[in-house]
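Enquirer: As you go down the protein sequences, you meet chains X and V in turn.
Sequential numbering of the first sequence, starting at 1, is according to the UniProt record's numbering.
Sequential numbering of the second sequence, starting at 1, is according to the UniProt record's numbering.
Source of the hints: derived by calculation from the structure; they are not laboratory data.
These numbers were taken from a predicted model, which means no experiment stands behind them.
Some clues are possibly wrong.
Just some of the chain X residues that point at chain V, by a computed CB distance under 10 Å [as the list claims (entries may be wrong)]: (1) S40; (2) G51; (3) K59; (4) P61; (5) D62; (6) R71; (7) D75; (8) D180; (9) F182.
List of simulated lysine-lysine pairs, DSS-like, C-alpha gap at most 25 Å [as the list claims (entries may be wrong)]: (10) K201/X to K26/X; (11) K201/V to K26/V; (12) K201/V to K107/X; (13) K127/X to K107/V; (14) K107/V to K123/X; (15) K199/V to K107/X; (16) K123/V to K107/X; (17) K127/X to K201/X.
Ideal Cβ placement from N, Cα and C applies to all residues, glycine included.
2 protein chains.
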Amino acid sequence: MSVERTLHHFPMDPASRQVRLSLGEKRLPFNEVQVRYWESPPEFLALNPSGLTPVLEEKGPDGRIVLCESRAILDHLEEQNPEPALMGREAAERAEARRLLQWFDRKFDYEVGGYLLHEKLEKRLLKLGAPDLAALRHGREALRGHLVYIEGLLQDRDWLAGRRLSLADFAAAAHLSVIDYFGDVPWRDFPGVKTWYMKLKSRPCFRPLLSDRCPGIAPAGHYDDLDF
Amino acid sequence: MSVERTLHHFPMDPASRQVRLSLGEKRLPFNEVQVRYWESPPEFLALNPSGLTPVLEEKGPDGRIVLCESRAILDHLEEQNPEPALMGREAAERAEARRLLQWFDRKFDYEVGGYLLHEKLEKRLLKLGAPDLAALRHGREALRGHLVYIEGLLQDRDWLAGRRLSLADFAAAAHLSVIDYFGDVPWRDFPGVKTWYMKLKSRPCFRPLLSDRCPGIAPAGHYDDLDF
């Protein structure tokens, strides 16, 4: 029954981080290969022709399986390792977790990550020059709108999708944590979100993310501080 | 056991089309509400604060459930109505269907739809002026790259993810069909893709999509022709 896992990922990629959090929470050990996806390494393209991280390889008694794209990996992990359940149990709970998961992977990624991470991270990796200040401002304003929404959700809920920790929390935290590395999250103005993020940060599954370092860019001072 | 369904959708939205195809293939009847999502109607925002179509309301013996975002709806329909299975049966088959589903919703949508549909459809809806010719060229070139990839997959497969029809086919067809409305798919150069699309087009679930009309824009002549 033992499965050997290898995760091909980029530490600052929010989609990769979601998978690392799920593997960690489910206590599934895995080997790591870090991918410089923006250089399109041929051995990585052979695994995933889309060229995007993450990819999870599993070798087990039933053979080898290559899982490409974050959602395919997360859904597979839920099916093969159902405890702890991270996608809710009843239909309404699952619908809410999935709604928010897609919210962060689509809307948040497009409106916030597409600006802040493009300007601060991708431009550096791809040597595209200095960040554009108007784009940064645009991304920071959109981020505030999303934080207002999360703060509202957390007024009546322990976790984003309801009473239980779910992949919606991991998706939100994965996206926010990369932006937090660059010091762009105004935690002070959103006490509910800050408390929620502190709870996540102190979970064992989160620890590896807090020791990630992006070569040449130091993280914000509070990035790995549990009592920030 | 009877469930009353209402789908809030926009006919030319690829994400909405995927849900209509799944509902049709599973022979689940539904009421329709067409949403002018770009006008952010308050009654729709109350259903889905992200403002994005599709949204599926279900009223059944267990109460009312509101499902927001395409993937949440598709996964829910698979769980509640497992036959016919549209996400594969074994783990490897499911992984492949999910990989391609995310390919079309993320990579294809970003590289092709983000140009062609933005220029030809969204700019018109939002009154943003005439299409930009360089952007159209960019989108058409990216589309060719994706068609080359699909043509390759279909050399060894009956359907995109393998031996069985899956949500990967519906995702690809949903995205391509909207682009085909505007006449931008070079079918003649991709005979394998064309045969695959003809098979899909002649399924009963596809028929409603072929009678969609976008106000003020006539479809390409072959759009609803089964032998194009």
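Enquirer: So which of the earlier hints does this model not fit?
Expert: Those not satisfied are hints 1, 3, 4, 8, 9, 12, 15 and 17.
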